[in-house]
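Student: Given only the sequences and the hints, what does the whole structure look like? Please build it.
2 protein chains.
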Amino acid sequence: MAEFKHLVLVKFKEEVVVEDVLKEMEKLVSEMDIVKSFVWGQDIESLEMLRQGFTHAFLMTFEKKDDFTAFASHPNHVEFSAKFSTVIEKAVLLDFPVVTVKSPA
Amino acid sequence: MAEFKHLVLVKFKEEVVVEDVLKEMEKLVSEMDIVKSFVWGQDIESLEMLRQGFTHAFLMTFEKKDDFTAFASHPNHVEFSAKFSTVIEKAVLLDFPVVTVKSPA
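Those sequence lines, one after another, are chains A and B.
Read in order, the letters of the first sequence are residues 84 to 188 in the working numbering.
Read in order, the letters of the second sequence are residues 84 to 188 in the working numbering.
Hints were generated in silico from the structure; no laboratory data involved.
Worth double-checking, as some hints may not be accurate.
Identical copies carry no separate label here, and so any pair may be met within one copy or between two of them.
Stated by the list, open to error - Calculated pairs, EDC-like style, for lysine to aspartate or glutamate (alpha carbon to alpha carbon, straight line, at most 16 Å):
{"no.": "1", "residue 1": "K147", "residue 2": "E128"}
{"no.": "2", "residue 1": "K148", "residue 2": "E128"}
{"no.": "3", "residue 1": "K166", "residue 2": "E109"}
{"no.": "4", "residue 1": "K185", "residue 2": "E107"}
{"no.": "5", "residue 1": "K110", "residue 2": "E97"}
{"no.": "6", "residue 1": "K173", "residue 2": "E97"}
{"no.": "7", "residue 1": "K185", "residue 2": "D116"}
{"no.": "8", "residue 1": "K148", "residue 2": "D116"}
{"no.": "9", "residue 1": "K185", "residue 2": "E114"}
{"no.": "10", "residue 1": "K185", "residue 2": "E146"}
Since the model is a prediction, treat every value here as computed from it, not as a measurement.
Tutor: Dropping the structure here:
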């Protein structure tokens with residue numbers, strides 16, 4: 084069965100201290116074994132025209148879709164999401180089974 | 084040095100045969116050793132409100148930022164991108180050094 088990814092692109096509100104949000108996000112993920120991997124990044128390269136205001140990408144990987152579903156509905160995640168929605172100006176979410184074309188040797 | 088990711092979210096134009104575009108993308112990536120890994124996915128889960136019309140995510144990983152820079156300016160990629168821009172309705176690109184919070188055991 085394919086791995087499943089939860090991808091979130093955001094633009095934070097200007098007054099937000101991003102480091103604080105990241106700490107909460109790291110705490111959430113570290114407490115939940117169901118999250119297999121979690122990486123994120125802040126865009127440093129794309130032209131504004133191409134990134135359209137989005138500044139950060141968050142990418143979680145799960146063993147399977149059921150694990151993502153369990154994570155998404157978990158009280159800790161629901162609580163975090165409610166808070167998170169107040170600190171962002173905009174976001175795009177995509178959730179998808181992973182198709183691997185090339186993986187590291 | 085951190086790995087570097089090139090993330091592309093798109094909505095394809097309605098008449099486009101996505102499989103054909105994917106084949107070209109796979110060809111491009113398979114010909115360039117500089118691309119360390121490449122995965123993609125089609126959203127099957129997010130609410131339309133959350134995914135905002137975007138349907139596909141493409142995610143390439145490079146050993147380092149310089150490799151991404153070399154990839155981005157490579158004639159094969161430039162040629163592909165020019166074509167690619169004609170088949171999409173909209174896109175967001177983010178390019179970022181990877182911060183790993185949690186990696187698979």
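Student: Each hint needs a verdict: does it hold in this structure or not?
Tutor: Results of checking the hints against the structure:
Taking identical chains as interchangeable, the C-alpha atoms of K147 and E128 lie at most 16 Å apart only when they sit on different chains, with a minimum of 13 Å there against 32 Å within one chain. Taking the closest pair of Cα atoms, K148 and E128 come within 16 Å of each other only across two copies (9 Å); inside a single copy the shortest separation is 32 Å, beyond that limit. For the identical chains of this complex, K166 and E109 are intra-copy neighbours only, at 14 Å inside a copy versus 39 Å across copies, given an alpha-carbon limit of 16 Å. Taking the shortest Cα distances, K185 and E107 sit within 16 Å of each other only across copies (14 Å), while inside one copy they are farther apart (32 Å).
For the identical chains of this complex, K110 and E97 are neighbours neither inside a copy (23 Å) nor across copies (41 Å), given an alpha-carbon limit of 16 Å. When the C-alpha separation of K173 and E97 is checked against a cutoff of 16 Å, the pair qualifies only within one copy, where the shortest distance is 12 Å, while the shortest distance between copies is 25 Å. In this homomeric assembly, K185 and D116 come within 16 Å of each other (Cα to Cα) only across copies, at 10 Å, whereas the closest approach inside a single copy is 26 Å. Taking the shortest Cα distances, K148 and D116 sit within 16 Å of each other inside one copy (15 Å), while across copies they are farther apart (30 Å).
Taking CA atoms no more than 16 Å apart as the test, K185 paired with E114 passes between copies only; the shortest distance there is 11 Å, against 30 Å inside one copy. With identical chains, the CA atoms of K185 and E146 are at most 16 Å apart between copies only, with a shortest distance of 14 Å across copies and 18 Å within one.
Going through the hint list in order, the structure does not satisfy hint 5, though it satisfies all others.
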